[in-house]
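Using the hints, position chains B and C against chain A.
Listed below, chain by chain, are the residues.
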Amino acid sequence: MAQAVKTKKTSITYGLSTGEKAFGIVNFVILAILGLLMLFPFVNLIAKSLSSNTAITTGQVTFWPVDFQTGTYRFVLKQGQFWNSFRISIVVTLCGTFGALIMSCITAYPLSKKWLWGRKFFALIFVFTMLFSGGMVPSYILMRALNFVNTIWVLIIPALLGVYNMILLKNFFEEIPEAVEESAQLDGAGSLRTLFSIVLPMSLPALATIGLFYAVGFWDNYMTGLLYITTPSLRPLQTYLYQLVTEATNISAETMTAEDMELASLNTEAIRAATIMLACVPIMCVYPFLQKYFVKGMRVGSVKG
Amino acid sequence: MSELTGRKTLSDQDLRRIARLSQKRSSRSRLHRSLPLLALLIPGLVFVAIFHYLPMFGLVIGFEKYDIFLGANPIDAIFKSPWVGLKNWTDLWIKSKFRQAIINTFIISALKVGICFPLGIILALMINEVRSNIAKKTLQTVMYLPHFISWVVVGALFMNIMGTTGIVNQVIVALGGETQKFFMDNRWFRFLLVLTSEWKETGWNTIVYLAAMAGIDPELYEAATIDRANRFQQILHVTLPGIASTVVMMLILRLGGIMDAGFSQILVMYNSTVYKSGDIIGTYIYREGIGKFNWSQGTIVGMFNSLINMLLLLGGNWLSRRLTDRSIW
Amino acid sequence: MSKRLLSLALALALALTMGLSLSAGAEEEGRVINILLNAQAVDLNEDQIAGWLEEKTGFKVHYDYYANNEALTLAVANGTDADLVFMSAAMYQTLQPKGAAKDISTFLADQPTIVEKIHANGWKYDTDENGAIWGIPSVDDAVYTGGTVYRTDIFADYGFEEPDTVDEFYQLLKDIKEQTGLIPLTGNEAVQPVIASGFGISYNLVYDAETDSVQSYLRNPGMKEYLAFMHKLYEEELIDPEWPVNKGDNINEKISSSKAVMTMGYHWSTLNWVNALVETGDEDAYFKTIIPLKDANGKRHTTVSNSVSNVYIVPATANDEDVPYTLAMVASRLDDETYWMFNDGIEGTHYTKDEEGIPTPIMPIFGETMTYGDKFQIGRNQFVHPYSWMARVHKSQVQYDTFYDANSKAAKDGFEGSVLAFASFPAYSEYNAALTTLCNDYFMTIIAGTEDLESSWDDFVTEWEQSGGLELEQGATEWYHNNPDLVAAGQSSYSPYASVFGYEIN
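Chains as they are written, first to last, in the working numbering: chain A, 1 to 305; chain B, 1001 to 1329; chain C, 2001 to 2506.
The shape of chain A in the complex, shown without the other chains (with noise of 0.2 Å):
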C-alpha cells in the first residue's frame, strides 16, 4: 500500500512547474543547510572523541580527529559501570515505554470521545498534574514508602504516565472518525476489542510519536536515578553520563580536596566525549526505525474514504 503512495506521489511531479521545481531545490538547500549545521555537534563530539588529549586541549579539534586514536573507546567499554547502567537504561526504556504505551492507550481512548460521560472532568483531573506537582520532598517520602528507592521501579513505575503524551494521543484519536468504530460496536466489539483491534492500527504514526517520546524520555531521565539511586549498579546511564560530565566541569573549588582536583583533570574530554557518544546511539536508532510508521499511517487516510 505504501508502494502504492509512493508511486502516485512520484507521478504527480513530473508534472510540476518550473516555479515548483525551483522551490523544491531551493527548499532541499536551505534544509541540507541546516541539516549539516545541526550536525556539527555530533561531528565535533566524534572528532574529540577519537583524538589524543594534547590536541584536545589545545584547541586543534573541529571537524576531524587530530592524532587519531580508538583507546578512549577501549577505556569506556571496559568500565563495567558502562555496561551495568547500559543494561538498566536498555530495561528501563523497552519496559517502560512499553508499559506506558499501554497505559496512555486505555487513558487517551476514553477521553477522546466527546460523548464520554463527565468527559471535562476526568480530562481536567488528568491536565491538572501535568500543571501542579507537590515537589521533591513528597515524592522522595512516597517512593520511601512504597520501598521504591535504590530499585529498578523507581524509574519505571512513576513514569507509566506521561499526560502530555496522553493528550497527544488523545487529540490523534478523535481524528479518527466515528464511524468507523461504530461499524466495529455493532458487529459486537466491545471497548477494548474496538481499541486494540480498530483504533490503534489506524493510528500507528501517533502511537510511533508518542511512543518515541516516552523511550526518549525513559532513555534521557538522569534525574531520578540522581536522586533515588545510591547503587551503583543499579545506576542508569544517563545518570552515570550526567555524573561523569559534571563532575569534570563543574567542580566547586570550595568543597574540593587537592587530591579531588587532582582526579578531575585525569577526566579528559575526549572520555566523555566518548561516552555521550556510545550513550547516545541506541536511542538515536529509535528515530530511524520509528520512520517508516511515518509513512505507513498514510493508509490511515485510506481506509477513511
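These are calculated hints, taken from the structure and not from any lab test. Note that beta-carbon positions come from the ideal geometry of N, C-alpha and C, so glycine has one too. Hints are supplied without guarantee of correctness; some may be wrong.
[Claimed, not checked] Okay, the calculated bits of chain C under chain B, using three or more residues with CB under 8 Å as the criterion:
{"no.": "1", "region": "2074-2082"}
{"no.": "2", "region": "2247-2253"}
[To be verified] DSS-like, lysine-lysine: derived pairs with alpha carbons at most 30 Å apart:
{"no.": "3", "chain 1": "C", "residue 1": "K2247", "chain 2": "C", "residue 2": "K2232"}
{"no.": "4", "chain 1": "B", "residue 1": "K1292", "chain 2": "C", "residue 2": "K2247"}
{"no.": "5", "chain 1": "B", "residue 1": "K1065", "chain 2": "C", "residue 2": "K2102"}
{"no.": "6", "chain 1": "C", "residue 1": "K2060", "chain 2": "A", "residue 2": "K78"}
{"no.": "7", "chain 1": "C", "residue 1": "K2224", "chain 2": "B", "residue 2": "K1292"}
{"no.": "8", "chain 1": "B", "residue 1": "K1087", "chain 2": "C", "residue 2": "K2098"}
{"no.": "9", "chain 1": "A", "residue 1": "K292", "chain 2": "B", "residue 2": "K1137"}
{"no.": "10", "chain 1": "C", "residue 1": "K2247", "chain 2": "B", "residue 2": "K1276"}
{"no.": "11", "chain 1": "C", "residue 1": "K2177", "chain 2": "C", "residue 2": "K2247"}
{"no.": "12", "chain 1": "C", "residue 1": "K2102", "chain 2": "C", "residue 2": "K2124"}
[Claimed, not checked] Computed Cβ-Cβ distance ranges for the label pairs, DEER-style:
{"no.": "13", "chain 1": "C", "residue 1": "D2153", "chain 2": "A", "residue 2": "G71", "range": "55 to 65 Å"}
{"no.": "14", "chain 1": "B", "residue 1": "P1241", "chain 2": "C", "residue 2": "G2449", "range": "50 to 60 Å"}
{"no.": "15", "chain 1": "B", "residue 1": "Y1286", "chain 2": "C", "residue 2": "G2449", "range": "21 to 31 Å"}
{"no.": "16", "chain 1": "C", "residue 1": "D2452", "chain 2": "B", "residue 2": "K1095", "range": "16 to 26 Å"}
{"no.": "17", "chain 1": "A", "residue 1": "L146", "chain 2": "C", "residue 2": "D2320", "range": "22 to 32 Å"}
{"no.": "18", "chain 1": "A", "residue 1": "G71", "chain 2": "C", "residue 2": "D2128", "range": "26 to 36 Å"}
{"no.": "19", "chain 1": "A", "residue 1": "G118", "chain 2": "C", "residue 2": "D2320", "range": "47 to 57 Å"}
Below, chains B and C without anything else, positioned relative to chain A:
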C-alpha cells in the same frame, strides 16, 4: 451575508438550549453507554491519584518554614513545622532582582514561543515537501539529533563558536564589524538563548507535526492536483488544515509550560554580567538557595509558576474553543 | 502483526530477565558494612583496591553513592540504612545540628587507633561542649595551592621577572601584552587571590582587632581598590577579555595552546599543559608560581589553612550493636600499613621509597591502579598521610617542581590561616555559600564594567547585609569569642609538608 450570520447565531442559541435539555434527559443513557470506557479510565485515575495527587499534600510546606528534621520523620515534620503563611513568597517578592527574574522569564519564554514555535511548523512543512524518501528520512534524523546532547555540551560548543575569538566573530571582523561579546552583552544574550534553543529543539519539535502530516488523507492531495492547485496552494489548503488541530493543541500545551524558560540551558550559558537580561526565576532561586535547602521557598515558587501556567493554559484553551472549536479536554 | 508482537514479547521477556538477574546479583553474603558517599567517577566496589582491603582487613564493605547534597539530605532525613555516611564539612554543619548523626564518643573509647591517628584539631571540631563526638573528621593539612603560574620559558625569553607588588604586576602585564602580543593573564576568578593579596584581601571573613569582631572583606577598603584595579586591567585588555565567561576547559585551552601566559594554577594541572605545549613545539615550556603580592604594608596574604574538609558520620538511625563493628573497620583503615597500601599500593610495584621515607610513584602503573586510592580514606592518618601523599605530588617532575616552588617560596613570608577554618554556627551554614556567590557575581560585573563601582557599591553592600550578611558577621564574631581553641587551630597553619619537603614556614 450579515443577515445570514445573524440568523445563524440565533438558531445556534436555540440549538444549544435544545441540546442542553436533551442532554439532561440523555445523561443517564450516556452514563450507561460510557460505563465500559470509564472502566478503562480506572488505571489512569489510580495512577495519578497515587503519584500526583497524594504528593500534592506536600504543597502545604510552601506556607510553612519547613524543617525536614523536625519531628519523627519528614511527614511528621510537615505537621510540626511552623506556619508562616505567605512569608516565603513576600520575602522573595520584595527583592528587585527576583521581580526582574520574573520579567526575564516571561520575555525569554515569550520569545521562544513566538520564534521557535512557528519555526518548528515551518521546518516540518519544508521537510514534508522533500520528495525523495531517503533525503526526507535522513534530514529528519539529522535534525532531531541535537536534542540528545545535554546543555552542558551544547553550551560549551556555542561558547567556542560565538566567543570573542570564535568563528562568528571572525566573520564579523572580516566583514569589517566589531567583535561582539555575545555572552556578556545584555542586548545579545536573550537572542543567543533563543538561537541556541532553536538550534537544539526545532528538529525535535517537528516530529509531532510530521506525524500529523503523515495522517492526512492522500486523496485530498490528489483532489487538489486535479484542481490544478500548485504546491503552495496544497500546503495552504490541505497540509495546514490537516495539522491545524495538532498545532493548536501544541500551542496550548506550550503555553502551559510558559514559566519554564529553560533552566538548564541558562544555568550553563549565563554569567553575572548578563543577569539583567538572562536571570530567570529558576536560576535566581538556584543561586539564592545554594547551601540552604529551602524546600519551602522552592515549593511556593513552584506553585506560583504552576498558577501562571494554569492561567495561560486555561486562557489558551478558552480562546481556542471560541475561535476554532477545539479544546484539549 | 503477530510476528511483530512476538518479537516485542521476546524483547520484553529478555528485558525482564535482565532486570531480575540484576536485582538478584545485588545480594551479598556475610556481614557487610554499607557506606554512603558522594558520587565518584568510578565505582569503588569494582576497584581493585577494594579487593585488597577486604583481603587484608577482613571487612566486607559495600559503597553506595548519593548524587548531590539534596539527595543526601533526603536520604538522611528519611532514615538511611547505611552504617557510615560521608559528607562535606559544609553539609556536616547543616545536618549534624539537626540530629542526623549518632554520638560515637563511647564507642571510640574502644578504638584508640582512630582517636590517635587523626589530628587533634579534627576531634575538637567534631566534639560538642558535652563531650559528644558526632563524626570522624578528615583534616586537611596546610598546603599552598593556587598561585598564579606562569610560563618560565616566555619569561626567560623576554627577561620578565616575578613581581612582588601591585605596580610591578601591572607593569609585567603591560610588558607581556606589548612584547608578546599574548593574553597576559587568563582566569575566571572574581577574587584573584594573588592580586587581591596586594590589596590586603585574604579570606571573605577575617578578624579585625580594632573592632574586636569578625568582618567581611567588603569592610576592607582594599576591596574597592582591588575591584577598580581589576576593572582597569580588563578595560586595558591586560587580562583575558573572556574573564567572566571562562570555564576550566577554556582556560586549559588558552594556556596549553600558548594563547595566554599566566593563570591561577595548581601543581597537578601543570603536567597536562607542559605535555601539550611540548608536543606542539614549545619544547622549553615549563611553569613556576607567582605567590600572592605584597600589600601596601609589605605583607603577603597567602591563604593557607588547616581545616576539616569532610566528615564521616554514623547516622542516628544506625543500630547501637552495629557501631563497634563499623568503627573496627574504620580503625583498620587508619592502621599505618594499610593506609600506605590503599593510598600508594605496594612498594616496589607501585612506588619506591627513598631513605627519608618519601615515596616516588612508578608510572604508569601507579596512575592506572592507585588513582582512586585516596577515596578509601575514612579519616586521615596524620602520621602517614604527609608522606604517602607525596607519591601523588611526584607523579611527574613538573608537578613536583611547581608544588615545591610555590610552597617553599610562599612559606618564607609565612602563611595566613583562617580564623573560621573550623567554624560551625547556624548563620555560617545558612548564608556563607549563597553570599559568596552573591559577592562573586557582583565583583564580576564590576570587573567587566557592566556595573559602575562607585554608583553601585553602597547598594550592593546594603543588599549583602540584608541577605544575611549582618547575621553572618555577628554569628562569626560570637563564634570567634566562644571558641578560642578552634580559632587558634585555624590560624596555626600547621603543615607537616614543611618538614617533609625541607622548607620552613615563618
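These are the hints, each one checked on the structure:
1. 2074-2082: That given contact holds, which follows from 4 residues of the region 2074-2082 of chain C lying within Cβ reach (below 8 Å) of chain B.
2. 2247-2253: n = 3 at 8 Å, threshold three: holds.
3. C:K2247 with C:K2232: 22 Å, holds
4. B:K1292 with C:K2247: 25 Å, holds
5. B:K1065 with C:K2102: 25 Å, holds
6. C:K2060 with A:K78: Holds - the C-alpha atoms of K78 (chain A) and K2060 (chain C) are around 25 Å apart, at most 30 Å.
7. C:K2224 with B:K1292: Judged against 30 Å, a Cα distance of about 28 Å means the pair holds.
8. B:K1087 with C:K2098: 23 Å, holds
9. A:K292 with B:K1137: Holds, at roughly 9 Å.
10. C:K2247 with B:K1276: Between K2247 (chain C) and K1276 (chain B) the Cα gap is close to 21 Å, so the pair holds against 30 Å.
11. C:K2177 with C:K2247: Status holds; Cα separation ~22 Å.
12. C:K2102 with C:K2124: Holds - the C-alpha atoms of K2124 (chain C) and K2102 (chain C) are around 17 Å apart, at most 30 Å.
13. C:D2153 with A:G71: 55 to 65 Å: 30 Å, violated
14. B:P1241 with C:G2449: 50 to 60 Å: Holds, at about 54 Å.
15. B:Y1286 with C:G2449: 21 to 31 Å: Holds, at about 26 Å.
16. C:D2452 with B:K1095: 16 to 26 Å: Taking Cβ atoms as reference, D2452 (chain C) and K1095 (chain B) lie about 21 Å apart, which means the hint holds.
17. A:L146 with C:D2320: 22 to 32 Å: 29 Å, holds
18. A:G71 with C:D2128: 26 to 36 Å: Taking Cβ atoms as reference, G71 (chain A) and D2128 (chain C) lie about 51 Å apart, which means the hint is violated.
19. A:G118 with C:D2320: 47 to 57 Å: The hint (47 to 57 Å, Cβ to Cβ) holds, given that G118 (chain A) and D2320 (chain C) are roughly 56 Å apart.
Figure legend: structure checked against the earlier numbered hints; hints not met, in rising order: 13, 18.
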